[in-house]
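**Student:** Since the structure of chain A is provided, determine the placement of chains B, C and D on it from the hints.
Protein chains in written order, with numbering that gives the first Met the number 0: chain A, 0 to 299; chain B, 0 to 299; chain C, 0 to 299; chain D, 0 to 299.
Because the hints were derived from the structure by calculation, they are not lab data. It is possible that part of the hints are untrue.
Beta-carbon label-pair distances, calculated as ranges [claimed, not checked]:
no., chain 1, residue 1, chain 2, residue 2, range
1, A, 188, B, 285, 29 to 39 Å
2, D, 96, C, 32, 31 to 41 Å
3, D, 157, A, 157, 31 to 41 Å
4, A, 232, D, 154, 31 to 41 Å
5, B, 152, D, 96, 39 to 49 Å
6, C, 154, B, 152, 46 to 56 Å
7, D, 23, C, 187, 49 to 59 Å
To give a feel for the contact side, a few chain B residues facing chain A, derived at Cβ under 7 Å [what the hints assert, rightly or not]:
no., residue
8, 29
9, 55
10, 56
11, 86
12, 113
13, 114
14, 128
15, 148
16, 256
17, 277
18, 278
19, 279
20, 295
Don't be surprised by glycine CBs; every beta carbon is placed ideally from N, CA and C.
There are 4 protein chains.
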Amino acid sequence: MTESTALSLAGVFPPIPTPFTLEGEVAFDQLHSNLERWNAQPLSGYVVGGSNGEFVSLTHEERIKVVQEARQAIPKERLLIAGSGTHSTRQTITLTEQMAQAGADAAIVVTPSYYRGRMTPAAFENHYSQLAENSPLPIILYNVPANTAVDLPLESISKLAQKPQVVGIKESGGSVTKIGAMVHRTPDYFQVLAGSAGFMLGALSVGAVGVVAALANIAAESLVALHERFQQGDIGAARDLQLSLIEINTTVTVRFGVAGLKAAMDFLGYYGGPVRSPLLPLEEEEKEVLREILVRAALL
Amino acid sequence: MTESTALSLAGVFPPIPTPFTLEGEVAFDQLHSNLERWNAQPLSGYVVGGSNGEFVSLTHEERIKVVQEARQAIPKERLLIAGSGTHSTRQTITLTEQMAQAGADAAIVVTPSYYRGRMTPAAFENHYSQLAENSPLPIILYNVPANTAVDLPLESISKLAQKPQVVGIKESGGSVTKIGAMVHRTPDYFQVLAGSAGFMLGALSVGAVGVVAALANIAAESLVALHERFQQGDIGAARDLQLSLIEINTTVTVRFGVAGLKAAMDFLGYYGGPVRSPLLPLEEEEKEVLREILVRAALL
Amino acid sequence: MTESTALSLAGVFPPIPTPFTLEGEVAFDQLHSNLERWNAQPLSGYVVGGSNGEFVSLTHEERIKVVQEARQAIPKERLLIAGSGTHSTRQTITLTEQMAQAGADAAIVVTPSYYRGRMTPAAFENHYSQLAENSPLPIILYNVPANTAVDLPLESISKLAQKPQVVGIKESGGSVTKIGAMVHRTPDYFQVLAGSAGFMLGALSVGAVGVVAALANIAAESLVALHERFQQGDIGAARDLQLSLIEINTTVTVRFGVAGLKAAMDFLGYYGGPVRSPLLPLEEEEKEVLREILVRAALL
Amino acid sequence: MTESTALSLAGVFPPIPTPFTLEGEVAFDQLHSNLERWNAQPLSGYVVGGSNGEFVSLTHEERIKVVQEARQAIPKERLLIAGSGTHSTRQTITLTEQMAQAGADAAIVVTPSYYRGRMTPAAFENHYSQLAENSPLPIILYNVPANTAVDLPLESISKLAQKPQVVGIKESGGSVTKIGAMVHRTPDYFQVLAGSAGFMLGALSVGAVGVVAALANIAAESLVALHERFQQGDIGAARDLQLSLIEINTTVTVRFGVAGLKAAMDFLGYYGGPVRSPLLPLEEEEKEVLREILVRAALL
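So that you can see chain A by itself, here it is in the shape it has in the complex (with noise of 0.2 Å):
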């Protein structure tokens, strides 16, 4: 896996939404029109199908064919990291296998989590490994307590980062604690990704290389820019900007969700649309709030 060794994960990446028309069908005309205007911008690539991209909501099929159709729109020097989780280590193979012919560079694989009782350090370690021996693509782990209420521990990030197809982590968990312990006990090669803009100069700062964040979709810039000023070593410039949109980002990813993420980008010229139920869509007065903050982080 001399390939995956190489693959780096450094820079912002915007975890996208899947846009639906209003009949609730996947809108891949604007999926693509939203990627032209993301490529202008100084990302280092996408994570497609991910908590924000709504991929439980997606069948199977949908999940392979929004990164098919992605693919069409992202230029090759950009990643296409695919999300590939089930609860299922099976199914995980399966799509993994099918995300790579779907022309993804990487999959991001989210913990499995319904029987959370039993999700023992064992049972991930178990998981992950028959994943990384049988994907054709280098492996992202994803730990999302937040939705999936389990938490991959320290010592599982540790050994699976042995294995060379385990090129990083997402982490969303937001303890620079275990993120710094995580870079302390992985390899060089294993790379950590901040997994919310709230805590991104934090986790920079205990060695992640990058971050994929809800915010990245409507902020790019902001967060393109902290990440250099913190590898300036200007670390005043930095924390200005990660305090400025710490608010943004509460408000679109912890108190309004992806829904909320949607309603800001079509505040913002791109096409966020509904989302699929069980989410809802944000009430009007949410809106007039969300429209506020936008305009205090300058971003409309």
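**Tutor:** Showing chains B, C and D alone in chain A's frame:
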């Protein structure tokens, strides 16, 4: 929906495991032979494709096929309750329709949970309302916080119970305060099932009509006897049965999970067989512990 | 400890609030007058200085003095169970001795919890064992995860119940599975009290002998009737009583807490009075909600 | 309060343990000798009677006496920050006044938490506002969810920071998102202290001014060096120090707690001595693990 209101959920329902071959494929012949043996016991019906049926490790097609095959082996007078929940409202509606065609008498529908932070009462109510309006089958709500990390609120249950298609709930959360409150605040035709043998008597005492219990797969007689003693007003005998079942129930359901249930079935002459990953099989010493507990419970 | 094994915890025990004057001092005369009124009701005894007694807002000296004064007003044939738990084993032993001198019949001892991460089964067992060996009073364990965020494990309860001084437990966690298991795994002299009216019938059905319920301060007759119906084997009548009490119980204990209980007492002619900060009094509209619920429950 | 706004919390503060004799009494001479040794290190001051000081296992009188004695050994130019939090507003005010008389420069006040379900933002704000209005000492808020199971909300921190007596917060929750947000939303004179060495650099990167870390009791030089490297803009060196400290920090603070800290102090020539129950001393094999980690961290 005169039919659905006529559906009685009284009694004991095992949530049957899905048997797999050593190669990991669904073992339909073993499904038949297990059902034949259960058919000889005084059960009210079966839950097929629920949490103990490892539905999250089955493909969409396998979920349907397992119900079709089970229907062949289940007599008409016994209820086949098919698990048809997914994280998406659209897919849940589709799968529920397919379960009707596959021969199910009712659908049991687990709460969507991936976007936990956004699963407001309104989101739950919208999900199940859409389903109820489009379902050819009576709907049984399914609340299992130990797996989903969300808790369907009393208010939502109370509202959804007003819909004639929503005929009941399997409540696995274990709070008899909540079970009593939902009995109190729902119409008479809305029926509450305890989701575990561990709190069966407690639930019956406040108005539950039956139980969906993993333990019913291996100890149907005891659970049916408990139910009968309770209905006859013999609380002392019911309590003795209840207390005698708690240890084996905790072992099979909480401590060892589906792998424990399957191992117990193997000990008792059913086909248990392997679990699908990410679940792991029991270690040898765990099997020994299980065997001793089965002996102590006079099941082996 | 022949005496302690003779101590019966059967029946209904209100955990009485500590009355304060408008200036925030303990109102001993109101304590007396409240007790006189409760003495006219068929209660088995009182918990003094428990969670509803705001023990954490009393000084060490006030805790003792409240018990001394309450003893004056409580007839000998009714149990005075004094809260004597602290975060420290030493202080708990000291306070338990002082409660004996103050006239308590038994001590109810909440789990220490500040060092939650280190409160292993061994730590709990050591704490209560030291206390049992040094206590002049029978000890009632007190598990209330809603306040302490720790859960006294079944294994520890089972071990501690072997000690003759440990005569019972007030279990407020609400799991009848756990209550059944502890009844099953402890000697006959070890008595289990439900910690809330919400799951009283469920707890009785699996072997609890009584209840310590905030609601007993304002609805003693209903709770005593529920207990009697259950003992007479009239489950139907017990259930009707149980279901009728859930809403008012949830309002007083979960939703509004001690301030709600005190406001309800004010409505019903007892002296409720103010709470001590950090608890806040009810808002006016909350009081109105409470009043309506009291009317609906036929208490007002 | 011109003085309080002049109070600088920059730098490293150990939360010193309270030494006990083998008989369990406070060992004041060992308190003195430990402080003399710490005085030789470049620390900004001390937290006395905090979580690591086992304040919940001290009597009210012992809490005051420990501060009085510590003051004797602490030079004027170093801050003595005394823990004065209790579950009650009245007692917290009283104790804070007594801490002023005992010589403290500031009070650190843990959130009350026993009535967790009622600790609304308004309840927290009322508690601290009353304290601020009555306190002779500058107040440092103290949020430690791992112990209290409540989380002081950002909104409350932001409001309380408007009061001149509230000069800062020790935030032990570990979320740099929250720390960044509180830096952003509070006046400049409000100073944030990281509550653990584990996320020290992450916290500094978003604007914290210092750290209160158990680890500072045994590794002051490393923490001070980390702080200095950060202030000099040498993020690479700061990161190397941070990563090297995570394992030992996790061991001492999370895994073994106060007993681990005291055992480490014994290894390193300080007086650690016994903990008070309900805390338990380390087992022999735990001590051995600790010793190895101290060696690996080059502390021993």
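**Student:** Compare the structure with each hint and give your call.
**Tutor:** Right, here's what the structure says about each hint:
1. The beta-carbon spacing between residue 188 of chain A and residue 285 of chain B, approximately 37 Å, falls within the hinted interval of 29 to 39 Å.
2. Residue 96 of chain D and residue 32 of chain C have their C-beta atoms about 34 Å apart, which keeps the hinted 31 to 41 Å range intact.
3. A beta carbon spacing of about 38 Å between residue 157 of chain D and residue 157 of chain A agrees with the range 31 to 41 Å that was offered as a hint.
4. Take residue 232 of chain A and residue 154 of chain D: their Cβ atoms lie about 34 Å apart, and the range 31 to 41 Å holds.
5. Restraint check, residue 152 of chain B to residue 96 of chain D: a C-beta distance of roughly 45 Å satisfies the suggested window 39 to 49 Å.
6. Under the hint 46 to 56 Å, the C-beta atoms of residue 154 of chain C and residue 152 of chain B, about 32 Å apart, miss the expected range.
7. For residue 23 of chain D and residue 187 of chain C, the Cβ-Cβ distance of about 37 Å falls outside the hinted range of 49 to 59 Å, so the restraint is violated.
8. Taking 7 Å as the C-beta contact cut-off toward chain A, the hint placing residue 29 of chain B at the interface is violated, the least distance being around 19 Å.
9. The beta carbon of residue 55 of chain B comes within 4 Å of a beta carbon in chain A, closer than 7 Å, and the hint placing it at the interface holds.
10. Checking residue 56 of chain B against chain A: minimum C-beta separation of about 4 Å stays under 7 Å; hint holds.
11. For residue 86 of chain B, the shortest C-beta to C-beta distance to chain A is roughly 4 Å, which falls under 7 Å, so the interface hint holds.
12. A distance limit of 7 Å between C-beta atoms decides the matter here; for residue 113 of chain B the minimum to chain A is near 4 Å, and the interface restraint holds.
13. A cut of 7 Å between beta carbons decides the hint on residue 114 of chain B: the least distance to chain A is about 6 Å, and the hint holds.
14. Here the hint on residue 128 of chain B is broken, as its CB sits about 10 Å from the closest CB of chain A, past 7 Å.
15. Interface hint at residue 148 of chain B: satisfied, since its Cβ lies 3 Å from the closest Cβ of chain A, which is below the 7 Å cut-off.
16. Interface restraint check: residue 256 of chain B against chain A, minimum CB-CB distance 5 Å, threshold 7 Å, status holds.
17. Annotation: interface hint on residue 277 of chain B holds; nearest CB of chain A at approximately 4 Å, less than 7 Å.
18. Here the hint on residue 278 of chain B is kept, as its CB sits about 6 Å from the closest CB of chain A, short of 7 Å.
19. The interface hint given for residue 279 of chain B is met, as the beta carbon of that residue sits about 5 Å from the closest beta carbon of chain A, less than 7 Å.
20. Hint status for residue 295 of chain B relative to chain A: violated, with the closest Cβ pair at about 23 Å, above 7 Å.
Violated hints for the displayed structure, listed by number in ascending order: 6, 7, 8, 14 and 20.
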